[in-house]
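Engineer: Generate the whole structure from the sequences, applying the supplied hints.
Going by our numbering, the first residue of the sequence shown is number 1, and it counts up by one from there.
These are calculated hints, taken from the structure and not from any lab test.
Incorrect hints may have been included.
[What the hints assert, rightly or not] For each label pair, taking beta carbons as the anchor points, the in silico distance ranges come out as: (1) 358 with 57: 38 to 46 Å; (2) 418 with 79: 40 to 48 Å; (3) 274 with 358: 16 to 24 Å; (4) 160 with 454: 50 to 58 Å; (5) 204 with 291: 51 to 59 Å; (6) 81 with 356: 22 to 30 Å; (7) 142 with 443: 22 to 30 Å; (8) 290 with 201: 48 to 56 Å; (9) 296 with 268: 18 to 26 Å; (10) 78 with 201: 24 to 32 Å.
Glycine residues also receive a C-beta, built at the ideal position from the N, C-alpha and C atoms.
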Amino acid sequence: TWVSTVDHLATGAGLDLLRRGGSAADAAVGANAVLAVTSPHLCGMGGDAWALVHVDGEVHALDASGRAGSGADAERLRQDGFTRVPPKDHIAAVTVPAAVDGWLALHERFGRLPLDEVLAAAIGYARDGFPAAPLLAWTASLVAGVPGNEIPGSVDIGDLVRRPGSARALQALAAQGRDGFYGGEFGDQLLAVGEGQFSADDLADDQARWVTPLSVDVWGHRVWSPPPTSQGYLTLLAAAIVDGFAAPVDTHVLVEAAVQAGHDRPLVLHDGADGAALLADVDRRRAAIDPERASGLAGPAADGDTTYLCAVDGDRMGVSLINSNASGYGAHIVAGTTGIFLHDRGLGFSLDAGHPAELAPGRRPPHTLAPALVTRPDGSLRTVLGTMGGDAQPQIVLQLLHGLLVEGLDPGTVIDRPRWQLASGDDGFATWEGPRVLAVEEGFDGVDALTAKGHDVRVRPRGFGHAHAIEVGDVVAGAADPRAITGSASGI
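Structural biologist: In structure tokens form, the structure reads like this:
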């Protein structure tokens, strides 16, 4: 049994649940709840979540992405002069937070332990305090003036931080279930700061749903991802494109496969998009790749604040889960007395009139979150993996998959080695807007070869995503990303 997360406190909480007979789903929910307390710069109860679950030879997909509130109004934003949904300091960027609905759905279907036991560690850290991790200490000043914020504006690494509002929210959730959260203090405070964006009926509607996952057969395995509105189809489509090239393929082909898979994403990814249809254009996109020359298609920006975690239990149930505030500390809006930051996932919507992803009440926005899972031909679990990284998530997962399934590397090696990602000069969610730059981490091998093929290569410090993976075979082995500084992968 293994758990891998961005924070050793969360990993420890998940492992403790496994020791007490909990399932991988219990471990994932418990670890995510701890992260919601300790890592508000990455995720939280005010965000969304997606998950893949492998159990008894089957893969299940959980969509816990929230819908826009009944007060969402694209025309009003256009009249106010906005051409994009404002990601910060504006309630329009906030959709109904669905992560907690996701936890409840995951626990109800696949959990073994009582909910209060699953949430106990998170409640304890929120109530009694936890040591500030480096990333929290370095970013706390960004939200020092946000009303309702419980994070001290100046905090040093290791300082004890308490979050009483989160403790109350988690205690209410443990005692009363969904009504204790969405119908309790959090729901009341969300309505209060919502400026008419949400109604009580919006919050009464369960945001989580089980959906049919997408998959492709590549490299002798089947790779799985959630369907739209997740952008996970980009991982699958790029992998299928690469699989059609004779081995060995170089980095150039991987990059161009990512470009061909995603260059039209802003036009085709929306609530209601047909995932199978998005995967059906493999041959044409592969044929458009010149093995010797970079294309002129635009590429995406790459940052974002999210957390990925995974867990595998003794019965080989595997959970691949992502929870996100979208960008750091979300919209920089707190749900009043709860101290919980609200995400800005609505930034994925378009404000173009008539666009299929136009902001509208009840719609889910296009999502960067894209967990992955790999099975063998016999249906058994091979790997759970994923990363944070905004628009770059499918690109990073593609590199991990190729390293694991084609190059035969172990999880620790493939996660640690330098990565590439497509980038633009705009913020981390200005998707597929040029000019395209190929950013590579320091120490990346092959910069000269990529430059010779026409790529505009920029070397940047390490920090492209926080990836984690657990590989299941005769021996189960996991790895956490050293880029996360406090990341931890542990097994028992």
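Engineer: A separate judgement is required for each hint: does it hold in the structure or not?
Structural biologist: Against the structure, the hints come out as follows:
1. 358 with 57: 38 to 46 Å: At 40 Å between Cβs, range holds.
2. 418 with 79: 40 to 48 Å: Holds: the Cβ-Cβ distance is about 46 Å, inside 40 to 48 Å.
3. 274 with 358: 16 to 24 Å: Since the Cβ atoms of residue 274 and residue 358 sit about 18 Å apart, the hinted range of 16 to 24 Å holds.
4. 160 with 454: 50 to 58 Å: holds, 52 Å
5. 204 with 291: 51 to 59 Å: Holds: the Cβ-Cβ distance is about 54 Å, inside 51 to 59 Å.
6. 81 with 356: 22 to 30 Å: Given about 23 Å between the Cβ atoms, the range holds.
7. 142 with 443: 22 to 30 Å: 29 Å Cβ-Cβ, so the 22 to 30 Å window holds.
8. 290 with 201: 48 to 56 Å: Between residue 290 and residue 201, where Cβ atoms are some 53 Å apart, the hint holds.
9. 296 with 268: 18 to 26 Å: holds, 20 Å
10. 78 with 201: 24 to 32 Å: The hinted range 24 to 32 Å holds for residue 78 and residue 201, with Cβ atoms some 26 Å apart.
Hint compliance for this structure: every hint is met.
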